[in-house]
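Novice: Work out the full structure: start from the sequences and follow the hints.
Sequences listed follow chains A and B, in order. Counting from 1, position 436 in the first sequence corresponds to residue 436 in our numbering; the numbering is continuous, with no gaps. Counting from 1, position 51 in the second sequence corresponds to residue 51 in our numbering; the numbering is continuous, with no gaps.
Hints listed in this document are in silico derivations from the structure and should not be mistaken for laboratory results. Just to be clear, a hint being listed does not mean it is correct.
Said to hold, decoys possible - Interface residues of chain B toward chain A, partial, derived using beta-carbon atoms under 8 Å:
1. ALA127
2. ALA131
3. ARG132
4. ARG166
5. ARG170
6. ALA171
7. ALA217
8. GLU218
As the list claims (entries may be wrong) - Just a sample of chain B residues kept apart from chain A, beta carbon distances all over 12 Å, derived:
9. TYR57
10. PRO174
11. LEU228
Ideal Cβ positions, reconstructed from N, Cα and C, are used throughout, including at glycine.
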Amino acid sequence: MTLTLALVPRRAALLAGRDQRLEVLVRASAGPAPDGHRRPRLNLALVIDRSGSMSGRPLEEAKRLACRMIERLTADDHVSVVAYDDRVHVVAPVQPAGDPNRFRPAVMAIDSGGCTALQAGWAAGAEQAARRLDRADLSRVLLLSDGCANVGETDPTVLADQCRRMAAAGVSTSTYGLANEFNEHLMTAMARAGGGIARYGVTAADLAEPFDEEFELLSALAARRVRVALTPGPGVGLDVLGGLPHEDGGWCLPDIAFGAAAWALVRLDVPAALTGEGPDRPVPLLQAHLKWQDPEGRPAHDEARLLALPALPWAAYQAVPEDPEVVRRVDELRFAEVERQAAEAARLGDWPAVERALEVARDIARDHPWLQASLRTIEELAHRRERERLAKEAFYGAAARSARLVDPDPFMELRGFDPNVEAARPAFLRRKAEQGRNLRPIDPDLDEPTDPTTDPDESPEGLGDAIRRRLRRRRPKGPPASQR
Amino acid sequence: MGFATDLRTLGGFRGTLPEFAQLASRVADALGLDRLRPARGRPPADEGISERVIRDYVSRGVLSPTLSNPETGRGGLYGFRHLLELLAARVLLADGWPLDLIAEHFRNLDDEELLQLIPGQPTGNPALELARRLRQGDPDPPRSRGRFSIAFSRDPEPLTDPLMARARLRAELPALLVALGGEDDVRTRDVVCLEITPWLTVLVDRERHRQLSPAQAERIGRAVAAALVSSPAERSRK
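Specialist: The following block contains the structure:
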């Protein structure tokens, strides 16, 4: 398996005689899965918060999500289940999956307890996964929590560093935040350092789709620990945008699935002095080099790519069109930055600042249906003054836009935004208008709880609610869950 | 003690029940296994490793059947596998496992896998050893704060991780507030700020302000007047 690296400039030319900035899309694509592709053997540690705040419906739904995940594994996979409050309980030690009935009683017997020893729970999950590192291609801790770490080690810097070290040793970490109280900065930092994904759900039922996304991504995994090393040409300034971490001599891209691409956006500062050689002497601007691990952990790399562009006079330069994919990515990153500002302002309860950020967002989203749909969600939350919901939705929205997998075919990403079409795509390529809500039809087993504080007749309907209701209406009626 | 760091040195052990109980107690003590905290809702492992406990574990299937004694032709001898099973059982008990599940789990594990369950043993598995260190409280501080690319509009400059800085502040907040004598969370509310004069400002809850009737406003005005003439500052001047 190999990745294809492409360097796509916003405009395939420089303007002669001017200092200028140029955005370049760095895209690493994996082709479709080869015939006979066998998905990697998985070794998952499901770590479930059972602190007091999870009692009742959230814990019941979390347990059912865990059982669903276990049901999707086969006898070649390994799985373990850890529950934690202020103490850790290894509910099911690491063992071959394949017979979900062996796990179900133990998982369903998890009950709620006290505080949130998040680090202890995560580390116990990491220990379970580490025990079967040699019998799996991919080992990962899936950490689900609805609260802030308040027992044991709680320093986010330490926790993220521990996730980074475990990832380097072979056990990655994904985090799932639930509802409004968890620390999204901590959960995102852990997943980013731990080489996994960070998602959140308004309810536990809303985590069904992120769990599916994780499973589909791991099943179709083509490359992990993807790093791109970027070297600017002589005299050229280079900035990498979007808050990507830098490790192992390269910028970290997300894990890549077959039929998907990861990307980074860079901004080059090109001084006028470099553009005076004429159109026949392309200016060397950027060299890129990709390295990664295949699903079995074997290192791989590609040949270095070089971007060099001619410097043209004004008229000829203007005739070179802008690349629509790069323009789209630039706008998405600008939108993400505004979302981050809105999230921070909402956290402080600074609604005028939220409004100012949304005003900028409206301008950016003008020609982007997906951004418009996301904006409507945030506007709705701002209208209702839902501080925590807005902070989380905007924060995770920004993260989704800054580091997401895309279809390698630019056309697929440039068409409009239709939630029904998105629901039919692989979960890891799906664009969502509401990060904390399911987009696809909800499993009746995981039906949403009714929020007793919200009157559905008086509460304005969010976009996600409307989509879900439409999809439910289209869903063919099947036998009740108890008969299946 | 050599066995405290590598149980493999006891690979050739064979002994009677009293010999086995004595060895197991010494090893468990050296490895700190009898100091493990029991999981919530579980009783303590018990008073220690006694002959009675070992017999109980054999009867429950946690320990394999005893080996046959060549001198008597009957069972009753314990070996290295029994030692691993016993020590691993102590670990799992502390993790909250019931004995019947431990027995079932052990049936599928070989000696090497049992050894991996016991802390302090060289496993040849760096990830496992790291995870164990992290569970026990890792003494190593974070090695670096990492390097990150910049936000879209920010001037190019080396960045520390803003995400981490925010995460840290939020994690510290509850303890800091409690240390200041308050609750563990900041209470915020939307208010309307009314500047009556340059030296008099009134803050009113936004929602209540929106719903305020003239009669309520009148009562509030009188209450404010009463408070002003009877405030501590006014009294002290008198």
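Novice: Look at each hint and say if it fits the structure.
Specialist: Verification of the hints:
1. ALA127: At about 4 Å, which falls below the 8 Å cut-off, the nearest Cβ of chain A leaves the hint on ALA127(B) intact, so it holds.
2. ALA131: With a minimum Cβ separation of about 4 Å from chain A (threshold 8 Å), the hint on ALA131(B) holds.
3. ARG132: holds, 6 Å
4. ARG166: OK, holds: ARG166(B) within 8 Å of chain A, min 5 Å.
5. ARG170: holds, 5 Å
6. ALA171: Where the cut-off is 8 Å and the nearest Cβ of chain A is about 5 Å from ALA171(B), the hint holds.
7. ALA217: violated, 24 Å
8. GLU218: violated, 29 Å
9. TYR57: holds, 18 Å
10. PRO174: violated, 7 Å
11. LEU228: holds, 29 Å
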